[in-house]
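Novice: Residue strings, one per chain:
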Amino acid sequence: MTWEPVIGIEVHVELMTASKMFCGCVVEFGGEPNTRVCPTCLGLPGALPVTNRAAIESIMSIGLALGCRVSERSVFHRKNYFYADLPKNYQISQFDVPVCHDGFLDIEVDGESRRIGIERAHMEEDTGKSTHLGAGGRIHAAEGTLLDFNRSGVPLVEVVSRPDIRSATEARIYAQELRSLIAELGVSDVRLEEGSIRFDANVSIRPAGDDVLGTKVEIKNMNSFRSLERAVAHEIERQITLVDAGGEVIQETRHWDEETGVTHSMRVKEGSSDYRYFTEPDLVPMVMRPEWVAQIRERLPELPASRRARYQSQGLDPGSAGVLSNLEGPMRSVYDGAVLSGAPPKAAANWLTGEVVGWLRKSERDPGSIPLDGPTLAELISMVDDGSVSSSAAKEVLDGVLSGEGSPRSVAEQRDLLQVSDSSVLEAAVAEVLAANPRAIEEFRSGEEKVVGFLVGQVMKATQGKADPRAVNQMLRDRMSG
Amino acid sequence: MIAPSLSEAGRLLRSGETSAVALLEAVLETASRTEAQLHAFLTIDTEGAREAARQADAAMVDGIDRGPLHGIPVALKDNMCTRGVETTAASQILAGYVPPYDATVVSRLRSGGAVIVGKTNLDEFAMGSSTENSAYGTTYNPWDLDRVPGGSSGGSAAAVAVGSALLALGSDTGGSIRQPASLCGVVGMKPTYGTVSRYGLIAFASSLDQIGPFTRTVEDSALALSSIWGHDPLDSTSYPGAYPDPTAALERGVDGIKIGVVTELSGEGFEPAVEAATVDMVARLEKAGVEVIEVSLPTFDIALSAYYLIAPAEASSNLARFDGVRYGLRVDGATTEELMARTRAEGFGPEVTRRILLGTYSLSAGYYDAFYGQAQRVRAAIQEDFSRAYGQVDVLVSPTSPTVAFEAGARTADPMAMYLSDICNIPSNLAGHPAISVPVGLDEAGLPIGFQVMAPALGEEVMYQVAAEVERLAGFSHSPSLSGTRS
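Protein sequences, first through last, are from chains P and A. Residue numbering for the first sequence follows our numbering, starting at 1 and increasing by one per position. Residue numbering for the second sequence follows our numbering, starting at 1001 and increasing by one per position.
Mixed in with the good hints there might be a few duds.
[To be verified] Not everything, but these chain A residues come out facing chain P in the computed CB check (under 10 Å): (1) ALA1089; (2) GLN1092; (3) LEU1094; (4) ALA1095; (5) PRO1233; (6) ASP1235; (7) ALA1313; (8) VAL1325; (9) MET1340; (10) LEU1357; (11) GLY1366; (12) GLN1376; (13) TYR1419.
[As the list claims (entries may be wrong)] Covered by chain P, per the in silico footprint, the following chain A stretches (three or more residues, Cβ under 8 Å): (14) 1097–1107; (15) 1442–1452; (16) 1460–1469.
Don't read these hints as lab results, they were simulated from the structure. Even for Gly, the Cβ is constructed at its ideal location relative to N, Cα and C.
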């Protein structure tokens, strides 16, 4: 039988609001444990939550960017479960009335556009962090557990997709696309390694063509896009092998092990876990008036999908439009500035996605503070085009510019990289080389074309490589034919 | 006692006839004379109180007058967080817990110049109607030491009754201020939900909990309320609009006021003396100019059932944080789960455990709709019943408690009998409305009887207007005898 994988993805995004979801503590990654805490985020007796308005604006912008509807009225619920790093032993979350619902995200898979439905985006609070001592950091047999509540109460948005994803690759692309969209909105720093964006996948299989959903398995602990793709692929394989051998998939949560490349069962879910959800009585319902929603919508930046379309309309192929679109904002501004200053879009994109990215990586510089602007890049490109510098010398010019040595022209001058275009200097060198190689002229005249290459080389050598080879070539031919 | 009421004490303070220090010392003296028999307090902060009293006097000398509570000795139910002073909610699970912050009401008391004497006893986590559920021993009724003071704010009620504080704060989730006030012969008032901040009040049932004052007089109650209530940005359920003036109509009389006598709050289960005192007071009010209307609120009969689903459900979640991980009692275990389970098994008393189990059950998948969901619908129906009644009348009246103070131990084995103590009080909590208990007389055994006045949300002005008239008509001037076989 042919099996069709059915995948839904839940994404948790920590917002980078100034303060936490329900108290005034500062939101920041890491730091001395338990220094950014207060009675509320420690769950001390008597402390109460107060909703952070900025977090609600952030989730609204995520929802709107995903084409969601924003609920006019939304309420918080308590999700009750006991866990040492959950200070109140309930999480303030949302249940049946999320802030945002019913949206979509278009992704491109093998050159084809696929629309993945978004069921909801809801608001909740993050937990603290447990560190298990000894026993390789595993909870069982740990000698002790340390708790850090700095993260407790950080605003968390959960984006739940519909089960519209059909392959491990699609799962990865969806996650990447969602991450870049949220990065664009500037509401989270979406760092996988710091856990500010986290992915869980729900995987099931069904006979191809069937429209009933199979039993789903939730997989957790994927900390990169690659591990998400591998974990989903592995889980699909595991289920197919299991079912083909006459087994049955059970509803459970499985843990992805990056090292061994397999998933392990964590716990079997009895139906849906009983979190005893009920309306959070410490908070009043939120009201998202249409004027407020409109205000948030107006503030949305250009989003990746429309930006890629714009780049393609400027003549970039889909591939480079995609790569350019995924660059950091300041890099894209350089592109826009260069094009505005008259640079050909393709050349500007190539320089940025190639040389500039390479240089930044090599020098470990932050793309956010790149010392390059659009007109400067345009100047460099035009110097290559008019032959002022060779394309290889231009890379050196770029290095000088990025190192803060000045404009492309002054770097080329200082580093002595300008191609010799002064015809008197060139002519003298050409005349000298021709005079020293009378046999070569004869060979050329008898049809030996390849000798031109040798002569160009001689001229380049005489000018220490600063001559424009194309000009030299032309000049040699003119002289020898004359 | 230097002054019988806080308003009188305030007058003496301002005329220089007494000082905050002298008021405090008198109160401390009363406490040291009565505590062995009453056990109203869990903590008396003698040093902190003396310092606060000195500062209150110094401020007064400097011409700074912080208002009606300036220099007044106040007691707090031990479920309100006080920075640096142990706060236990009368539970073993919070033994030794010292909060790092003040509840908003406590901050308001401090900035109002009040002198905090100490923390009073209560039923563990405010769950109970007799103060017998305290992990630190029962409080007794100053009118008869063999009887209970009511609860859960029994310590606060008893302290004000004997004068070991001129004002005490309690919390009322389902009658926990009004019922002990009634049983101890003092004035106890539950404000409109959301008007006194809950920030720093150790939660029992968040949607019902409300802090309010115990005082000797209705005027004191209105003065205290005006000092502690008001919008608090730290409590999202805090009312942000304009507040009425509780003192505005105290002297206005009741001419033209319409009162509704609630049919459902009489009959079976109500002691004859209590019914007689209620009927008598209604008759006197009528003579004083009110129009009396008999009103029926049929949902009152199911209010208790709804309450015992909603309050335990919220409590089961509110009390989840007491797990031994971060503060309070910890009983170690091999795993985190075991540590939590053992701590909670040992740290919570039987009534708290019963309510957590009840609440957990009623929120469980498959039962939610039949229990918690249904109870919320009943709650909405009670609110509608009230609205209908307030379409006809300005206030509703009833006995505060169906009985006078009962004997210690009499109801501990029968939770249902204990729960029925609050039958007259619970509807106001479910609706979020204000209500007050005023002492109107004694039964033949010399035990006080309370009269309850209920008003619609933010109806404190008319509620106090009627309560003040009730007080004048009753002329209640008895003092507790501290008698009984335990004396």
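Novice: Now tell me if each hint is right for this structure.
Specialist: Here's how the hints hold up against the structure:
1. At about 7 Å, the closest approach between the beta carbon of ALA1089/A and any beta carbon in chain P falls short of 10 Å, and the interface hint on this residue holds.
2. Of the supplied interface hints, the one on GLN1092/A is violated, with its beta-carbon coming no nearer than about 14 Å to a beta-carbon of chain P, more than 10 Å.
3. Using the Cβ-Cβ criterion of 10 Å, the hint placing LEU1094/A at the interface with chain P is satisfied: the shortest such distance is roughly 7 Å.
4. Restraint check, ALA1095/A versus chain P: the minimum CB separation of about 13 Å is more than 10 Å; hint violated.
5. Interface restraint check for PRO1233/A: the shortest CB-CB distance to chain P comes to about 7 Å, inside 10 Å, so the restraint holds.
6. Restraint check, ASP1235/A versus chain P: the minimum CB separation of about 5 Å is within 10 Å; hint holds.
7. The restraint placing ALA1313/A at the interface with chain P holds, with a minimum CB-CB distance near 6 Å, inside the 10 Å limit.
8. Below 10 Å, beta-carbon pairs count as interface contacts, and VAL1325/A has one with chain P at about 5 Å; its hint therefore holds.
9. Restraint check, MET1340/A versus chain P: the minimum CB separation of about 6 Å is within 10 Å; hint holds.
10. At about 13 Å, the closest approach between the beta carbon of LEU1357/A and any beta carbon in chain P exceeds 10 Å, and the interface hint on this residue is violated.
11. This hint holds: GLY1366/A has a C-beta 9 Å from the nearest C-beta of chain P, less than the 10 Å allowed.
12. For GLN1376/A, the shortest C-beta to C-beta distance to chain P is roughly 9 Å, which falls under 10 Å, so the interface hint holds.
13. Hint status for TYR1419/A: violated, given a least beta-carbon distance of 21 Å to chain P, over 10 Å.
14. Using a Cβ-Cβ cut-off of 8 Å, 5 residues of the stretch 1097–1107 of chain A lie near chain P, which meets the minimum of three, so the contact claim holds.
15. Only residues whose beta carbon comes within less than 8 Å of a beta carbon in chain P count, and the stretch 1442–1452 of chain A has 0; fewer than three means the coverage is violated.
16. Counting residues of the stretch 1460–1469 of chain A whose beta-carbon sits less than 8 Å from any beta-carbon of chain P gives 0, not enough to reach three: the coverage restraint is violated.
In this structure, the hints that do not hold are numbers 2, 4, 10, 13, 15, 16, in rising order.
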